[in-house]
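The listed protein sequences correspond, in order, to chains A and B.
For the first sequence, position 60 (counting from the first letter as 1) is numbered 60 according to the working numbering, and the numbering increases by one without interruption.
For the second sequence, position 435 (counting from the first letter as 1) is numbered 435 according to the working numbering, and the numbering increases by one without interruption.
Quick caveat, the hints were computed from the structure, so don't treat them as lab data.
Check before you lean on any hint, since a few could be wrong.
Quick list of in silico lysine to aspartate or glutamate cross-link-like pairs, EDC-like style, CA-CA up to 20 Å [stated by the list, open to error]: (1) A:Lys162 <-> B:Asp92; (2) A:Lys173 <-> B:Asp73; (3) A:Lys164 <-> B:Asp68; (4) A:Lys164 <-> B:Asp92; (5) A:Lys164 <-> B:Asp58; (6) B:Lys64 <-> A:Glu161; (7) A:Lys162 <-> B:Glu143; (8) A:Lys162 <-> B:Asp73; (9) B:Lys69 <-> A:Asp193.
Stretch-level coverage of chain A by chain B, calculated; a stretch enters the list once three of its residues show a Cβ under 8 Å from a Cβ in chain B [as the list claims (entries may be wrong)]: (10) 12 to 26; (11) 69 to 78.
Footprint (simulated), chain B over chain A, 3 or more residues, beta carbon under 8 Å [said to hold, decoys possible]: (12) 51 to 64; (13) 113 to 126; (14) 144 to 150; (15) 186 to 194.
Just so it is clear, the structure is predicted and the values come from calculations on it, not from any experiment.
Built from N, CA and C at the ideal position, the CB exists for glycine as well.
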Amino acid sequence: MYYNPKVRVTLGALVDTIIPYTPGLASRQGAIQAVGGLYSHVDEYLIWSLDHLFFNVPLASPTAELLNIASSQLIATGAAGGSFNPENFPFGSTFAALSQEDRLKAITLLERLQVNPGILPFLFHNNSTFTQIIADFLNRLTVFCYYSEWSGYGATPFQFEKRKLEDIPISWKQVRYPGRAYHYHALRGYLVDKFIE
Amino acid sequence: MSYDADVIIIGAGGGGAVVAKELGELGINVLVLEAGPWYGNKKWPNPNSESGDESSSDVKDLDKRLLDKQFTDYEADMNDSISGKFRWGPADRNKSPWFRSLAQIGLPWQSTGVGGTTQVYWSNSPRALPIAVDNVWPISYQELIPYYQKVEATLPVHPAPMTAKEELFFYGAKMAGYPLINTLNVTFPGYRPQPNAILPPDPRINDPHFPFGEKLTGCTLRGHCANGCHIGPSVEKVAKRSTLVSYIPLALKTGRVKIMPNTFATRIITENHPKEGIRVTGVQFRNTWSGEFGDLKSKAVVMAAGAIETPRLWLNSALPLNPWVGRGLTNHWFDVVSGIFDEQVLMNILGTPEVPPFIGQTSAARFDYPGLGSIENFGLSPGLYAMTHYALSQHGYSFLNQTDPKEPWDLYGREVGERLKYLMSQYRKSLSILILSDDEVNCQNGITLDPVLKDEHGPVPLIRYSPSKKDKEKRNQLARIAADFLRKVGAKNIIRADWPPGVFIHLHSTMRLGYVTDTNCEAYQVKRLFIADNSVLYNGIGGPNPTLTTQALATRTVEKMVQKYFS
Numbered sequence: 001m002y003y004n005p006k007v008r009v010t011l012g013a014l015v016d017t018i019i020p021y022t023p024g025l026a027s028r029q030g031a032i033q034a035v036g037g038l039y040s041h042v043d044e045y046l047i048w049s050l051d052h053l054f055f056n057v058p059l060a061s062p063t064a065e066l067l068n069i070a071s072s073q074l075i076a077t078g079a080a081g082g083s084f085n086p087e088n089f090p091f092g093s094t095f096a097a098l099s100q101e102d103r104l105k106a107i108t109l110l111e112r113l114q115v116n117p118g119i120l121p122f123l124f125h126n127n128s129t130f131t132q133i134i135a136d137f138l139n140r141l142t143v144f145c146y147y148s149e150w151s152g153y154g155a156t157p158f159q160f161e162k163r164k165l166e167d168i169p170i171s172w173k174q175v176r177y178p179g180r181a182y183h184y185h186a187l188r189g190y191l192v193d194k195f196i197e
Numbered sequence: 001m002s003y004d005a006d007v008i009i010i011g012a013g014g015g016g017a018v019v020a021k022e023l024g025e026l027g028i029n030v031l032v033l034e035a036g037p038w039y040g041n042k043k044w045p046n047p048n049s050e051s052g053d054e055s056s057s058d059v060k061d062l063d064k065r066l067l068d069k070q071f072t073d074y075e076a077d078m079n080d081s082i083s084g085k086f087r088w089g090p091a092d093r094n095k096s097p098w099f100r101s102l103a104q105i106g107l108p109w110q111s112t113g114v115g116g117t118t119q120v121y122w123s124n125s126p127r128a129l130p131i132a133v134d135n136v137w138p139i140s141y142q143e144l145i146p147y148y149q150k151v152e153a154t155l156p157v158h159p160a161p162m163t164a165k166e167e168l169f170f171y172g173a174k175m176a177g178y179p180l181i182n183t184l185n186v187t188f189p190g191y192r193p194q195p196n197a198i199l200p201p202d203p204r205i206n207d208p209h210f211p212f213g214e215k216l217t218g219c220t221l222r223g224h225c226a227n228g229c230h231i232g233p234s235v236e237k238v239a240k241r242s243t244l245v246s247y248i249p250l251a252l253k254t255g256r257v258k259i260m261p262n263t264f265a266t267r268i269i270t271e272n273h274p275k276e277g278i279r280v281t282g283v284q285f286r287n288t289w290s291g292e293f294g295d296l297k298s299k300a301v302v303m304a305a306g307a308i309e310t311p312r313l314w315l316n317s318a319l320p321l322n323p324w325v326g327r328g329l330t331n332h333w334f335d336v337v338s339g340i341f342d343e344q345v346l347m348n349i350l351g352t353p354e355v356p357p358f359i360g361q362t363s364a365a366r367f368d369y370p371g372l373g374s375i376e377n378f379g380l381s382p383g384l385y386a387m388t389h390y391a392l393s394q395h396g397y398s399f400l401n402q403t404d405p406k407e408p409w410d411l412y413g414r415e416v417g418e419r420l421k422y423l424m425s426q427y428r429k430s431l432s433i434l435i436l437s438d439d440e441v442n443c444q445n446g447i448t449l450d451p452v453l454k455d456e457h458g459p460v461p462l463i464r465y466s467p468s469k470k471d472k473e474k475r476n477q478l479a480r481i482a483a484d485f486l487r488k489v490g491a492k493n494i495i496r497a498d499w500p501p502g503v504f505i506h507l508h509s510t511m512r513l514g515y516v517t518d519t520n521c522e523a524y525q526v527k528r529l530f531i532a533d534n535s536v537l538y539n540g541i542g543g544p545n546p547t548l549t550t551q552a553l554a555t556r557t558v559e560k561m562v563q564k565y566f567s
């Protein structure tokens, strides 16, 4: 999926923050636990979803800008605790240059309406509620996508009527979800056979 | 004057389908307009990519094999709020969903399509709490009982079967000192199986050689209620009794009901009649595939488009002003409290090391506390699970906030990163509890028209909901009770999500009985216009899931409507 690299890198950094690569967890709970959201291309899902959420008005690009503006403010106010190299912002993305913790702090600035709404991009400009809604949406969609079957649809995940589930999502292995089922021999009886009036 | 039908019903969801069946059985000709697609019908073999036919009125059009193909059990395919089959949007999934403006963070969780949101609901069918109706509603609880009984027999409703997650929930409730109650009419706090509109499993289900197959009737405990149930030998015998498989087939069997999917009602048409005053004469609609508009005429109209769209349609039709149209929204201000268990603890209680959320009916155990609300257990597929437990919070990222040591939860707020992945790795050892607060009616809350944004059907609805201080206290009390259940059975970690008030799953009381309609659910200001969805409920019925009450009230409304206009 082609997309403006700055947008891609910014939203990719978001995915990598919410569902990161976690070798530490893997060392305690098994290798499968290392894999994170970027491996499953959750960033592509996020971009598609943002571009189709609102009257087919593309929102991925202004959303990435939103994150970058909040990141710049975090840095400017000295609130960014993690190390970053201002000479080396990946594709110009301030958000991606931050540590994972600082990225979450940048999102929190948006959620708490601590970024001047007058400097935000189209649709978010002076629209605090919409900014909060999208900040919330980013978290929800990232998590939903990663733990759903979406990453198993192979090369054409947005061709809804043609796609087939080709692979078992890594996330299902991480949570040991067996996938769809037709039945379970799991009946433990009835606490009440019949309700009374 | 020639009519397209005696009665036009707007919406084929939880309420509209009931009205269609009841009217059809009384010999009234009915036309149902449904904004979304129709799954499991031969006339729409590819409902999301081709416009298909205009209408269906024959039960023989229902096709279980199509339903099997279309209800894939996969949550991104079915439940995604933007591109899923169960979204608020047109059948064509390449088009954006229909936008709703929110005055706050959150999401309205509704589905278009024949069956409406009952396609995705968990079929929990408790009655209202009597305390929330008697001397509160303009009609008594006693008066509702025969209609409850009729709906309970028709769906039908049964005490839900127990699997591991229910057994753990019940054990927690018992250890917390509450009694088991076996009544439909709850007057004191207690726990019980969910009254679920799900056909019970075959008693031989635990036999490892039991021949599950296409001819089997009844729930198979496979945990896909929310992803769309299609288990059963035919559409009308599918285990989970969404109206798609219950009331709709019964309506079609009357030979009096025609249903038009992909048909969005855009305006209520009225006239000023010399004797009756302002009265409804029909409905303007738009076909969601062709974009063409049309008018249909009828002797009466029933609005059953849901607690957002019914007031929106009233307002977009410029019907007479009523300060309560769209106002008084209650939503049970939900929350989620969950617990993670050690294997040994589960072994001691259940005899198994896990309590998988994906096994059993999605929600099969409940606890009602008159005056506070309800809590119920639930288990979801992992995408929905992760989203509802760890990504939906008004509290922000938990690591940026202190947890109050006096509160019984260890984690509070949104989880991300390694901790999220760790928590999800414990998915099969987790028990989830949903909080449904008995929130109060406030006329500041509700649906208005967005002053700026319009879609192809007119100004979009703007939803606003702010809970009261009392609502907050009730919700906190219920969350503490839920945490107590979990702690009493030995949960290792207790996590409270703290959902924002703007999560709209149960939406009610935006066109309240007694304020917008009379006690027959006929609009005071527009004759022959009836309301038969959650919007007409007087309040949030005390906390229980609203569908059964809406269905009972809809059954009663048909009786009243026929007496007045068709006898």
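Below or equal to 20 Å on CA atoms is what counts here, so check Lys162 (chain A) against Glu143 (chain B). 51 Å, violated
How does the coverage statement for the region 51 to 64 of chain A fare against chain B, requiring three or more residues with Cβ below 8 Å from a Cβ of that chain? This one holds; 5 residues, not fewer than the three required, reach chain B with a Cβ under 8 Å.
Hint check: Lys164 (chain A) vs Asp58 (chain B), CA-CA at most 20 Å. Holds or violated? 32 Å, violated
Check the hint pairing Lys64 (chain B) with Glu161 (chain A) against an upper bound of 20 Å on the C-alpha distance. With Cα atoms ~19 Å apart, Lys64 (chain B) and Glu161 (chain A) stay inside 20 Å; holds.
Keeping to a limit of 20 Å between CA atoms, is the pair of Lys173 (chain A) and Asp73 (chain B) held or broken? 18 Å, holds
Verdict on chain B covering the region 113 to 126 of chain A, criterion of 3 CB contacts below 8 Å: violated (count 0)
With a cut-off of 20 Å on the C-alpha distance, tell me whether Lys69 (chain B) and Asp193 (chain A) pass. Judged against 20 Å, a Cα distance of about 34 Å means the pair is violated.
For the pair we were handed, Lys162 (chain A) and Asp92 (chain B), check the Cα-Cα distance against 20 Å. 14 Å, holds
For the pair we were handed, Lys164 (chain A) and Asp68 (chain B), check the Cα-Cα distance against 20 Å. 15 Å, holds
Given coverage of the region 144 to 150 of chain A by chain B, checked by CB-CB distance under 8 Å (3 or more): Coverage by chain B holds here, the residue count being 7 at a Cβ distance below 8 Å.
Is it true that the CA of Lys162 (chain A) sits at most 20 Å from the CA of Asp73 (chain B)? Roughly 16 Å separates the two Cα atoms, so the pair holds.
Agreement of Lys164 (chain A) and Asp92 (chain B) with the hint, judged by alpha carbon distance not exceeding 20 Å: Between Lys164 (chain A) and Asp92 (chain B) the Cα gap is close to 18 Å, so the pair holds against 20 Å.
Violated hints, listed in ascending order, are 5, 7, 9, 11, 13; each of the other numbered hints is respected by the structure.
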